[in-house]
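Asker: So you can see what is in the structure, the chains are spelled out below.
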Amino acid sequence: VAERYPEFQELGVGVVAVSMSRPEGIARYLAERPLPFPLLADPDRRAYAAFGLERTTWARIARPGVLWRYARLVAGGAKVRRVPEGEDPLQTGGDFLVDADRRLLWAHTSPDPTARPAVHDLLAAARTYPAVGRSKSS
Amino acid sequence: LIPVVGEPIPDVELQTSQGEPRPLSAFLAGPTLLIFLRHLA
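The listed protein sequences correspond, in order, to chains A and B. Residues 1 to 138 in our numbering are what the first sequence spells out, letter by letter. Residues 1 to 41 in our numbering are what the second sequence spells out, letter by letter.
Hints are supplied without guarantee of correctness; some may be wrong.
Unchecked claim - Simulated DEER-style distance windows between Cβ atoms:
(1) A/Ala49 - B/Ala26: 14 to 24 Å
(2) A/Glu54 - B/Asp11: 19 to 29 Å
(3) A/Ile61 - B/Gly19: 14 to 24 Å
(4) A/Ala75 - B/Pro8: 38 to 48 Å
(5) A/Gly65 - B/Ser25: 16 to 26 Å
Unchecked claim - Heads up, incomplete: computed chain A residues facing chain B, CB under 8 Å, no partners named:
(6) Glu10
(7) Gly14
(8) Val74
(9) Gly77
Calculated directly from the structure, the hints in this document are not laboratory data. Remember, it's a predicted structure, so these values are computed and weren't measured experimentally. Where is the CB? At the ideal position from N, CA and C, for every residue including glycine.
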């Protein structure tokens with residue numbers, strides 16, 4: 001998303017990322033890899049819970065389809081690494097598009113760790129909502 | 001309560017990288033994509 005952030009800007013869509021890492025971990029991350037949008041901390045995962053993002057199970061992660069997608073990611077160059085301190089490998093993520101009035105327009109919650117929309121899917125979702133285009137002309 | 005499409009999202013409290021508590025609404029100047037990460041890549 002960071003690499004294609006100008007395309008979100010072109011649509012008049014802001015981006016906010018939320019991590020379960022502690023603020024210190026986020027500060028270290030941003031020092032090495034600055035982002036063009038806010039990266040906020042939710043170490044208690046209250047926001048995750050408020051958006052219906054639950055913990056998955058090892059059984060779900062170990063399903064053949066999920067393992068296959070992991071294998072494809074690794075084959076594509078993704079690095080395998082330890083889970084950073086304070087993060088939960090079973091926590092699911094999600095993506096939400098909200099309008100200027102804080103109304104939810106679109107949501108994608110991930111039933112397993114690999115089920116995340118690609119950036120072009122996020123851009124496509126943003127383009128389908130008239131509320132998004134409104135901000136461009138204002 | 002889980003957000004429903006068409007309904008307002010909860011104004012949850014988050015923290016900046018400096019540890020300052022801020023409401024999510026402080027970062028929503030217009031249409032916004034909220035990405036809840038599984039981990040920092």
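Asker: If any of the earlier hints don't hold here, list their numbers in rising order.
Answerer: Going through the list in order, the structure violates hints 3, 5, 6, 8 and 9 and respects the others.
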